[in-house]
Every structure is written in C-alpha cells, then in structure tokens.
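2 protein chains.
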Amino acid sequence: MMNLGDSPVRVALLGCGVVGSQVARLLLEQADDLQARVGRPLELAGIGVRTVRERPGIDPSLFTTDLAGLVDRDDIDLVIELIGGIHPAQELVLAAVQGGKSVVTANKALLAEHGPEIYHAARLADVDVYYEAAVAGAIPIIRPLRESLVGDAVTAVKGIVNGTTNYILDQMHTHGVSFDAALADAQQLGYAEADPTADVEGHDAAAKAAILASLAFHTRVRLSDVSCEGISSVTSEDVAAAESMRCVIKLLAQCSVSPDGTLAVGVHPTMVPLEHPLAGIHGAYNAVFVESVNAGRLMFMGPGAGGSPTASAVLGDVVTAARNRVRGVAGPGESAYTSPGITDPARVVSAYYIAMVVRDEPGVLSRVAEVMARRDISIATVRQEQTRDDDASARLGITTHRAFDGDVRAAVAELTAGGDVLGNVRVLRVEGA
Amino acid sequence: MMNLGDSPVRVALLGCGVVGSQVARLLLEQADDLQARVGRPLELAGIGVRTVRERPGIDPSLFTTDLAGLVDRDDIDLVIELIGGIHPAQELVLAAVQGGKSVVTANKALLAEHGPEIYHAARLADVDVYYEAAVAGAIPIIRPLRESLVGDAVTAVKGIVNGTTNYILDQMHTHGVSFDAALADAQQLGYAEADPTADVEGHDAAAKAAILASLAFHTRVRLSDVSCEGISSVTSEDVAAAESMRCVIKLLAQCSVSPDGTLAVGVHPTMVPLEHPLAGIHGAYNAVFVESVNAGRLMFMGPGAGGSPTASAVLGDVVTAARNRVRGVAGPGESAYTSPGITDPARVVSAYYIAMVVRDEPGVLSRVAEVMARRDISIATVRQEQTRDDDASARLGITTHRAFDGDVRAAVAELTAGGDVLGNVRVLRVEGA
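So the protein sequences, as listed, match chains D and V.
The opening residue of the first sequence carries number 1 in our numbering; numbering runs sequentially from there.
The opening residue of the second sequence carries number 1 in our numbering; numbering runs sequentially from there.
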C-alpha cells in the first residue's frame with residue numbers, strides 16, 4: 001500500500017439509500033472533524049447508484065451508475081459498499097481489494113457467504129476490510145471481538161441482533177397482541193419491510209451469527225452452517241407460557257462450544273429469564289452478550305438499525321481505515337486457524353421448554369417422565385393445567401435441564417406416537433439465568 | 001519499527017501481582033493459541049519485580065529486579081506495565097516507547113496524569129501504547145471509543161467505573177446497611193483495600209474519567225481537570241430518598257459537553273432512575289454508557305476488576321500490538337485536536353436533588369420557591385415531611401430540572417443564611433431517565 005503524501009483520502013460510496021445518504025451527508029457535514037481525526041481530508045470522490053437522481057446537498061456530478069468503473073478509478077483509496085446482497089457487491093468488493101483499496105461494508109449477507117475469500121484477498125493486498133456496521137448496527141462488537149477479546153477464549157456469544165423481530169416480540173409481550181398484529185404494526189412504523197421474510201424467519205440474524213461465530217472462535221462459519229428458526233411460529237400461548245415462567249421470548253443468535261468441542265451456531269426463539277441482561281432489551285434495540293474464560297460476562301447494547309446509527313458504525317470504520325492508509329499500513333485482520341466443525345443438530349445442548357396437549361388421565365405424566373428419563377432428559381419443572389375447551393385433555397408445560405436437542409425431539413416423537421400426546425406440541429429453548 | 005522476520009515477539013512483563021501473575025500464566029498456558037492469532041510465538045522474555053521469589057509454573061530465571069535494564073534489552077519488542085503508580089512507571093514506559101517497544105499498560109493514574117506525553121512519544125517512535133485494561137477492567141471501551149465511534153460526535157460518556165463503590169452502594173440499597181458497614185463488608189470480601197481512600201473518594205474513577213473524556217472528545221483531559229466527590233458522605237437517608245424517587249445512587253464518572261461548549265468532567269454520587277440501564281448494574285460490575293449524535297445511546301457492561309478480567313483486557317492489547325509488530329506497523333493512535341476547555345464548576349448543568357431541614361411554619365416553602373425561581377432553578381417535585389424528633393422542623397426534598405451548579409449552591413446558601421434552613425443540607429445530582 002502506498003503512503004499518500006499530503007493528498008486527501010478519496011472515498012467511493014456504493015449505494016445511496018437509507019444508510020448511504022446518511023454517510024454521504026456526514027462525510028460532507030463533518031469534513032473538518034474527520035480531517036482532524038484522519039490527518040488528511042476525507043474526500044467523497046464518487047457515488048455509485050442504480051439510478052442517478054438529484055439528492056439535496058450532494059454535488060450531482062458525483063453520481064454514476066458505472067459502479068465497476070468507479071471502483072476501478074486509480075484515485076480512489078477507500079470503497080464504502082452499501083448496496084447489499086451478493087451480486088454485484090461481491091465482484092465490486094473483490095475488485096476494490098485486489099486494486100489495493102480498503103473496503104468498509106455493512107453487507108452481512110456477503111460476509112456470511114463469502115467473507116473468507118474477501119478477508120484472504122485483503123490480507124494478500126495488505127488493505128483493510130472493515131464491517132462493524134454489518135452486525136448490530138451502531139454497537140461496537142466486531143472490533144471488540146477481533147481485537148479486545150483476542151487474548152481470551154470466548155465460550156459463547158448470544159445476541160439480539162435483529163431489531164425487527166425484537167420489536168415484534170416485545171409488542172407481543174407488552175401489549176398481548178398476536179404475531180400478525182405486531183408484524184403489521186412494525187410494518188406501519190417502518191421497522192419491518194413489506195416482505196418481512198428475511199427478518200422474521202431469522203435469515204438476517206443467521207448471517208450475523210455466522211460473522212460473530214467466525215470472529216469469536218477464530219474460524220470460518222458460513223451461513224449454511226447456521227441452524228435457523230424464525231419467530232413467525234411464536235404464538236400468544238408461547239408468550240403467556242414464557243411469562244408464567246418469568247421469562248420473555250427473544251430471538252437469539254447464539255454460538256457456543258458444544259461438549260464435543262464443535263461449534264453450535266443457530267438462531268432460535270428462546271425463553272430468556274427476566275433476570276438475564278438480554279431480557280431487558282426492548283423495542284428495536286440490539287444487544288450482544290459475550291462469555292469468555294477470563295473476561296467473564298460482557299454485554300454490548302445499543303440501536304441495532306436505522307440510517308444514522310449504521311452510518312456511525314460505517315464512519316468509524318472509514319476513519320480507522322483512512323488513518324491506517326495515511327500511515328501506509330493496514331490494521332490487523334481476523335485469524336481463522338481453528339476448524340472445530342459444526343455441531344450435529346441432534347447433539348446441540350440446551351435447556352428446553354416443551355408444551356403439549358395430553359390426554360387427561362392417570363398414568364400420562366408418569367409415562368412422559370419415563371420417556372424423558374430413558375433419554376437422559378432431566379426435568380426441571382412440570383406445570384399441568386386443564387385446557388379450556390375439553391375435560392379429556394390437559395396442557396402440559398415441561399422445562400428440562402440441559403439436554404441434547406435430538407433426545408428432546410425423539411422423546412416428543414415417541415410420546416406422540418404412543419398416543420398420549422394429542423397435539424399442539426411446542427419445543428422452545430430456554431436460556432440459563 | 002522493524003519487521004520481525006520469523007523470530008518470536010518478545011514480551012517483558014513489569015509487575016507480577018494479581019493481574020501480572022494472571023498475564024504470565026495465560027501467556028504460558030495459551031501459548032499455542034496466542035501464536036496462531038499473532039502469527040509468531042509470543043515469548044515471555046523477562047519479568048520485572050520488586051522482590052524475586054518463586055512463583056509456581058514460572059521459570060525463576062525470568063525474574064529480575066532491574067526493571068530499567070529489562071526494558072532496555074535489545075531483544076524486547078513489547079513491554080506490559082502492571083506496576084501501577086506514577087514512578088517509576090512513567091520513566092519505564094517512556095524508556096520503552098523511546099526504545100521502539102510497544103507498550104500495554106493498565107495504569108490509569110499514569111495515563112490520566114501523563115497520557116499526552118506518552119501518546120506523543122509513541123507517535124514519534126511509531127509504536128503502540130494500548131491501555132484497554134486501564135478503564136472498566138475487561139469491558140472493551142477504549143478501542144470502541146478510539147476506533148468504532150471515531151466517525152461520530154460523542155456528546156456524553158457516563159460510567160460506573162469503580163467496582164468497589166458500586167458494591168458498597170449496592171449493599172446500602174439492597175440490605176439497608178450504612179456506608180461504614182458496607183465498606184467493612186467490601187473489605188472483608190477483598191473488594192475494597194485496607195486503605196479504601198482512592199476508591200471511596202472517587203480518585204480512581206476520576207482518573208478513568210480523564211482517560212474516557214480525552215478519547216471521547218479528542219482532547220487532553222488531565223486528572224486535575226476532573227471534579228471529584230466520593231461516596232463516604234452518602235447516608236442511609238440519601239439512599240432512602242433515592243428509593244422514594246424510584247432511583248438508586250450510583251457513583252458516576254461523567255463527561256459531557258456543557259451549553260457553552262466546554263467539557264464537564266466529574267465523578268459524583270448521582271441518583272439514577274430505575275429505568276436507566278445504569279441503574280441495573282449490580283455488585284462489582286462496571287458499565288459505560290455513551291451518547292453520540294448518530295449512534296444514539298450505547299452501553300457496555302462487564303466485570304470491572306479482578307485478576308482474570310483485567311488480564312483478558314491486557315492480553316487483547318498484547319495480541320493486537322504483537323499483530324501490528326509482526327506486520328511492521330503501529331495501529332492508529334488517539335487524536336487530540338480539540339481544546340474545548342473545562343467547564344467552570346459553577347456552570348456545570350445537571351438536575352439536582354436538594355434535601356434540607358427547614359423551619360416548619362407558613363411561608364417557608366414559598367420563600368424556598370422564590371429563591372429558586374429568582375436563580376432560574378425550575379423545581380420538578382417537592383416532598384415535605386415532618387422530622388421525627390421535632391414539631392418545629394420539617395424535611396424538604398426538592399428535585400430540580402436542569403440548572404447551573406453554582407445557582408443551586410447559591411440558592412441553598414441564601415436559604416441557609418436567611419434562617420429558614422436549619423441544617424442537614426444535602427445536594428445530589430440526578431441523572432435523566
């Protein structure tokens with residue numbers, strides 16, 4: 001990488017939507033401060049967009065629809081990628097890196113899918129690829145994992161990393177509304193998109209889980225390694241059951257070391273005890289909880305989305321990459337020297353909540369207990385109550401101590417096959433206090 | 001700085017007490033992981049101590065009482081300073097930096113007093129000076145402020161950065177015990193030292209406030225700039241008053257921009273509403289709350305002290321500095337291009353709680369209200385109750401909206417001089433929700 005002499009650090013911005021327009025605005029409005037922090041001016045040299053149209057306050061001559069041409073320009077030092085998606089973001093980011101430009105991106109899907117190739121290319125080209133904005137918006141979590149905790153052994157990362165689903169679940173708890181009503185409300189407020197699939201089915205959180213797991217465990221976890229369960233199946237009954245257990249349901253992105261040394265990485269609606277710090281994260285806020293051998297339990301919380309918070313994270317990366325550039329260096333990258341493998345889904349360990357409607361007659365509970373015991377599932381609590389509509393059935397709510405996921409599923413299947421379980425089976429994970 | 005070829009990164013450790021012995025242990029036990037993360041072996045090349053004695057698991061030949069000689073050794077790449085205090089730490093750190101060694105330190109007192117000279121020397125020598133462990137133990141807050149939030153405009157940092165005082169205040173609230181009893185308890189548990197002055201009088205927190213303010217506002221704040229009020233004056237009555245207002249008392253290290261653009265940096269026992277995230281930080285935990293223009297409100301929490309958590313923060317810095325060293329670079333340093341000046345203590349703005357025993361007769365409350373109004377102090381709530389022992393006096397508890405500290409002090413002085421106030425005057429800050 002070349003030292004820049006006294007010239008400005010020239011920045012190309014790809015994408016000028018909700019986040020991109022904030023980044024452009026801040027680059028222009030805070031130019032003096034940014035220059036003082038970097039040591040050279042940060043010059044917005046071009047903005048790649050799909051359609052050129054007027055944007056207030058931005059010189060129209062900066063816009064181009066030729067994104068590849070913009071990235072290839074010799075005078076560009078740093079590329080901010082905010083177009084999202086895999087293509088053409090992947091090609092543009094790789095072209096930038098291979099052309100000796102540092103890259104700042106908020107593209108979680110791209111990194112979860114193609115991070116390893118991109119980091120490798122960055123290492124070869126001795127440039128920075130920074131992506132603080134890709135996970136949990138403005139919350140600094142990437143840099144703390146990559147640098148602050150790099151001398152420690154992380155054992156688990158548990159995060160509320162999707163504001164849309166947290167808002168929906170929070171509404172279901174606070175106002176007792178259904179999932180559909182809470183989703184409609186979130187859509188009206190702009191917290192959820194017209195097609196909410198990526199958020200509510202957990203895909204967005206799964207990409208972030210892959211990125212967090214890779215960093216925390218010095219390995220390469222891809223999106224396809226992440227088990228994923230969304231919140232569209234969460235019912236008002238689940239919410240009521242959680243409350244009766246002094247819990248709230250949160251969509252947690254988790255990565256942790258399993259007993260066999262492999263990594264369990266997943267996104268699941270999870271019952272979180274009220275005393276747990278993650279239970280207090282409301283609305284569209286995000287939080288990431290980290291457990292490590294020496295540091296103990298840490299939590300990072302803040303706004304998980306939105307134009308300004310995400311732009312803040314992007315600009316922090318831009319200033320740090322530009323500072324490196326001015327000094328002719330690149331910062332330390334990720335390390336990925338471990339290959340623990342991904343835990344077989346059946347061998348994932350968790351505490352569980354199991355609800356089911358059973359025949360209300362003597363012997364059922366003892367058979368349930370027997371099936372659980374035979375599969376080494378230790379029962380923590382049992383709660384049985386009459387169903388409203390029927391004298392012949394009862395609702396059973398069981399919480400277990402930590403057990404293998406496969407054993408829990410098999411026990412439920414056996415009970416169902418045996419005729420004791422009449423239906424309405426629900427299995428949810430329960431987080432420790 | 002020289003690139004190291006294939007040789008190990010050689011580390012000198014100064015100090016082998018609670019934190020130092022943990023650092024030494026982890027450098028030895030986790031050598032393989034650290035090597036994989038750094039890309040070269042991290043070799044513990046010498047340990048400077050006051051008195052050489054056997055330490056289990058550590059090669060006795062590593063120890064020396066010649067700390068200056070150890071720092072001067074040509075084969076040392078990185079110095080970890082854990083001896084604390086100003087002398088000889090200052091001389092050793094400067095010698096290391098000037099000798100081209102990177103430094104990792106947990107020495108808040110040194111940095112609050114002499115940080116500017118040390119950072120300047122590091123810049124000239126192109127080496128790293130990292131100090132994540134100096135503030136809030138294992139919680140990553142230095143790196144997030146220096147790098148992640150460097151593209152944003154921080155407006156306030158508010159932290160519980162002293163575990164001893166948080167434990168004591170927590171005990172006073174939870175168990176209704178006096179300050180003296182809670183302190184004795186903390187001493188017995190090892191949370192407080194035999195001479196607890198530095199903790200309970202806020203000096204430790206003040207040093208951390210200076211470091212946080214310097215980073216967050218890109219300036220140089222020294223310990224002498226920090227106004228400081230400890231918790232030894234906090235009474236059970238204060239605690240009860242806080243609880244009646246749905247608050248808890250926390251010792252907050254605060255830095256924020258005052259209306260006149262100067263910086264207010266102080267440590268004060270403060271009433272924090274229960275809904276505020278800082279209110280939920282219990283025991284010896286620490287937390288730092290950051291407000292910025294674009295990111296919004298962020299909070300970082302975790303263990304604030306202890307050998308292992310502090311060692312985790314030290315080792316994170318060691319690995320990052322060593323990674324830089326292996327690549328022949330130094331990371332970006334602090335910027336300190338602003339000189340906002342320190343807010344005149346009388347012009348510091350806060351909401352206040354004012355308690356006083358007044359004569360219980362008609363007209364007193366109206367005179368109190370008149371004095372406050374004349375000084376532009378807007379009253380939020382008033383609570384008056386009979387004192388237990390006396391019919392002629394009443395206890396008045398007033399909360400104000402945001403007002404100048406000097407005006408509040410002057411109003412109280414005027415009321416006292418006027419004879420309405422009989423005594424027991426108490427003024428505490430109140431944090432916004």
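Treat the hints as calculated values from the structure; they're not laboratory data.
Be aware that a few hints might be false.
Okay, the calculated bits of chain D under chain V, using three or more residues with CB under 8 angstroms as the criterion [to be verified]:
| # | region |
| --- | --- |
| 1 | 80-94 |
| 2 | 409-420 |
Simulated DEER-style distance windows between Cβ atoms [unchecked claim]:
| # | chain 1 | residue 1 | chain 2 | residue 2 | range |
| --- | --- | --- | --- | --- | --- |
| 3 | D | ALA68 | V | ARG402 | 37 to 43 angstroms |
| 4 | V | GLU91 | D | LEU274 | 50 to 56 angstroms |
| 5 | D | ASP75 | V | ARG50 | 54 to 60 angstroms |
| 6 | V | GLU370 | D | ALA31 | 25 to 31 angstroms |
| 7 | V | GLY419 | D | GLU291 | 58 to 64 angstroms |
| 8 | D | GLU193 | V | GLN384 | 50 to 56 angstroms |
Some chain V residues near chain D, calculated using beta-carbon distances under 7 angstroms [to be verified]:
| # | residue |
| --- | --- |
| 9 | LEU28 |
| 10 | ALA36 |
| 11 | PRO41 |
| 12 | VAL52 |
| 13 | GLU54 |
| 14 | ARG55 |
| 15 | PHE63 |
| 16 | ASN294 |
| 17 | SER308 |
| 18 | GLY316 |
| 19 | VAL319 |
| 20 | LEU365 |
C-beta atoms are modelled at their ideal positions from N, C-alpha and C, and glycine is treated no differently.
Hint-by-hint comparison with the structure:
With 0 residues carrying a beta carbon less than 8 angstroms from a beta carbon of chain V, the region 80-94 of chain D misses the three-residue requirement, and the given coverage is violated. For the region 409-420 of chain D, the stated coverage by chain V is not satisfied: 0 residues place a CB nearer than 8 angstroms to a CB of that chain, which falls below the threshold of 3. For the hinted restraint 37 to 43 angstroms between ALA68(D) and ARG402(V), the CB-CB distance of approximately 53 angstroms leaves it violated. Distance hint check for GLU91(V) and LEU274(D): the Cβ-Cβ separation is about 52 angstroms, which falls inside the suggested range of 50 to 56 angstroms.
Range check, ASP75(D) to ARG50(V): Cβ separation about 57 angstroms, and the 54 to 60 angstroms hint holds. A hinted range of 25 to 31 angstroms is violated for the C-beta pair GLU370(V) and ALA31(D), which are about 50 angstroms apart. Separation of GLY419(V) from GLU291(D) is about 59 angstroms and conforms to the stated range, judged on CB atoms against 58 to 64 angstroms. The supplied range of 50 to 56 angstroms is met by GLU193(D) and GLN384(V), whose beta-carbon atoms lie about 54 angstroms from each other.
A distance limit of 7 angstroms between C-beta atoms decides the matter here; for LEU28(V) the minimum to chain D is near 13 angstroms, and the interface restraint is violated. With a least beta-carbon distance of about 4 angstroms to chain D, the hint placing ALA36(V) at the interface is held under the 7 angstroms criterion. Hint on PRO41(V) is violated. Least Cβ distance to chain D is approximately 14 angstroms, over the 7 angstroms limit. Proximity of VAL52(V) to chain D is violated relative to the hint, the smallest CB-CB distance being about 26 angstroms (cut-off 7 angstroms).
With 7 angstroms as the threshold, the beta carbon of GLU54(V) stays out of range of chain D, its nearest partner Cβ sitting at about 24 angstroms, so the hint is violated. Here the hint on ARG55(V) is broken, as its CB sits about 18 angstroms from the closest CB of chain D, past 7 angstroms. Below 7 angstroms, beta-carbon pairs count as interface contacts, and PHE63(V) has none with chain D, the closest being about 22 angstroms; its hint is therefore violated. At a threshold of 7 angstroms, the smallest CB-CB gap from ASN294(V) to chain D is about 4 angstroms, leaving the interface hint in force.
For SER308(V), the shortest C-beta to C-beta distance to chain D is roughly 4 angstroms, which falls under 7 angstroms, so the interface hint holds. With a least beta-carbon distance of about 4 angstroms to chain D, the hint placing GLY316(V) at the interface is held under the 7 angstroms criterion. The criterion of a C-beta within 7 angstroms of any C-beta in chain D is met by VAL319(V), whose closest approach is roughly 4 angstroms, and the hint holds. For LEU365(V), the interface hint is violated, since its Cβ never comes within 7 angstroms of a Cβ in chain D; the closest pair sits about 39 angstroms apart.
Hint compliance for this structure: hints 1, 2, 3, 6, 9, 11, 12, 13, 14, 15, 20 are broken, all remaining hints hold.
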